[in-house]
Amino acid sequence: AQTVTQSQPEMSVQEAETVTLSCTYDTSESDYYLFWYKQPPSRQMILVIRQEAYKQQNATENRFSVNFQKAAKSFSLKISDSQLGDAAMYFCALPGGATNKLIFGTGTLLAVQP
Amino acid sequence: DSGVTQTPKHLITATGQRVTLRCSPRSGDLSVYWYQQSLDQGLQFLIQYYNGEERAKGNILERFSAQQFPDLHSELNLSSLELGDSALYFCASSVPQGSTDTQYFGPGTRLTVL
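Protein chains in written order, with this note's numbering: chain A, 9 to 122; chain B, 329 to 442.
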């Protein structure tokens with residue numbers, strides 16, 4: 009069965025600094041995607057970035073990038089030049105096999121200090 | 329704005345009652361997923377519909393049911409409500425991308441059962 013683990017319940021970063029959120033996962037699939045979603049205080053779930061497992065190149069979306077290590081089953085999210093608006097809960101997610109339902113980690117609450 | 333709409337935004341009701349949550353997917357998306365987010369269970373997949381047919385079931389209680397209509401909007405029906413059903417209910421719609429779906433979430437319906 010697929011599992012997703014986020015071992016950092018809370019993180020804090022200074023405005024303009026860089027922070028990395030960790031995620032490890034387990035899957036028996038060979039071809040899969042991984043996702044990071046952001047949930048700000050409004051509670052909306054917002055797609056931040058996605059990574060295809062067969063692509064060696066790490067995905068990047070503006071200030072957000074991932075460090076994907078397939079062999080280690082690790083999928084961390086790096087936020088550069090952190091902004092106050094980045095303060096949110098961040099969830100790592102993995103599609104659960106043929107159904108594509110998302111399996112979420114428990115989330116990391118990121119605080120951004122001015 | 330993800331393009332997925334959910335109504336109502338908030339719902340307060342009493343134990344034993346029945347409610348209906350509504351979701352309209354993004355234009356062109358055929359799949360709708362329902363998720364429940366509660367403090368103790370985190371984000372849990374409930375059920376998926378694809379083009380009007382049930383595709384997958386997750387941890388959905390027998391008191392809960394859903395359907396997807398010909399215009400692709402979906403409804404989640406919750407009956408005999410209990411205090412523990414209080415949660416944020418999300419729907420997501422998806423577009424196939426490679427071997428998986430990329431899911432875009434609606435703003436959620438916050439259900440409070442008193």
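Warning: the hint list may mix true and false statements.
[What the hints assert, rightly or not] Here are the computed lysine-lysine pairs in the BS3-like style, where the Cα-Cα straight-line distance is at most 30 Å:
id, chain 1, residue 1, chain 2, residue 2
1, B, 385, A, 78
2, A, 63, A, 86
3, A, 63, A, 81
4, B, 337, B, 385
5, A, 81, B, 337
[Claimed, not checked] A few chain A residues that face chain B, going by a derived Cβ cut-off under 10 Å, partial list only:
id, residue
6, 21
7, 25
8, 26
9, 33
10, 40
11, 51
12, 60
13, 66
14, 76
15, 78
16, 80
17, 104
These are computed hints drawn from the structure, not numbers from a lab. Think of the CB as a built atom: it goes at the ideal place given N, C-alpha and C, for glycine as much as any other residue.
Verification of the supplied hints:
1. The straight-line distance between the Cα atoms of residue 385 of chain B and residue 78 of chain A is roughly 29 Å, inside the 30 Å bound, and the hint therefore holds.
2. The hinted pair formed by residue 63 of chain A and residue 86 of chain A meets the criterion: a straight-line CA distance of about 18 Å does not exceed 30 Å.
3. Proposed proximity of residue 63 of chain A and residue 81 of chain A is supported: the alpha carbons are some 14 Å apart, at most 30 Å.
4. Note on residue 337 of chain B and residue 385 of chain B: the hinted pairing holds, with a Cα-Cα distance of about 24 Å set against a maximum of 30 Å.
5. For the hint linking residue 81 of chain A to residue 337 of chain B, the alpha-carbon distance of about 37 Å lies beyond 30 Å, and the restraint is violated.
6. Look at residue 21 of chain A: its Cβ only gets to about 23 Å from chain B, farther than 10 Å, so that hint breaks.
7. The restraint placing residue 25 of chain A at the interface with chain B is violated, with a minimum CB-CB distance near 28 Å, outside the 10 Å limit.
8. Annotation: interface hint on residue 26 of chain A violated; nearest CB of chain B at approximately 26 Å, more than 10 Å.
9. Annotation: interface hint on residue 33 of chain A violated; nearest CB of chain B at approximately 14 Å, more than 10 Å.
10. Interface hint at residue 40 of chain A: satisfied, since its Cβ lies 7 Å from the closest Cβ of chain B, which is below the 10 Å cut-off.
11. Because the beta carbon of residue 51 of chain A sits about 6 Å from the nearest beta carbon in chain B, less than 10 Å, this interface hint is met.
12. A cut of 10 Å between beta carbons decides the hint on residue 60 of chain A: the least distance to chain B is about 6 Å, and the hint holds.
13. The beta carbon of residue 66 of chain A is not positioned within 10 Å of any beta carbon in chain B (closest approach about 17 Å), and the interface hint is therefore violated.
14. Contact between residue 76 of chain A and chain B, as hinted, is not supported at the beta carbon level, the nearest pair being about 15 Å apart and thus beyond 10 Å.
15. Checking residue 78 of chain A against chain B: minimum C-beta separation of about 15 Å lies over 10 Å; hint violated.
16. For residue 80 of chain A, the interface hint is violated, since its Cβ never comes within 10 Å of a Cβ in chain B; the closest pair sits about 21 Å apart.
17. Here the hint on residue 104 of chain A is kept, as its CB sits about 7 Å from the closest CB of chain B, short of 10 Å.
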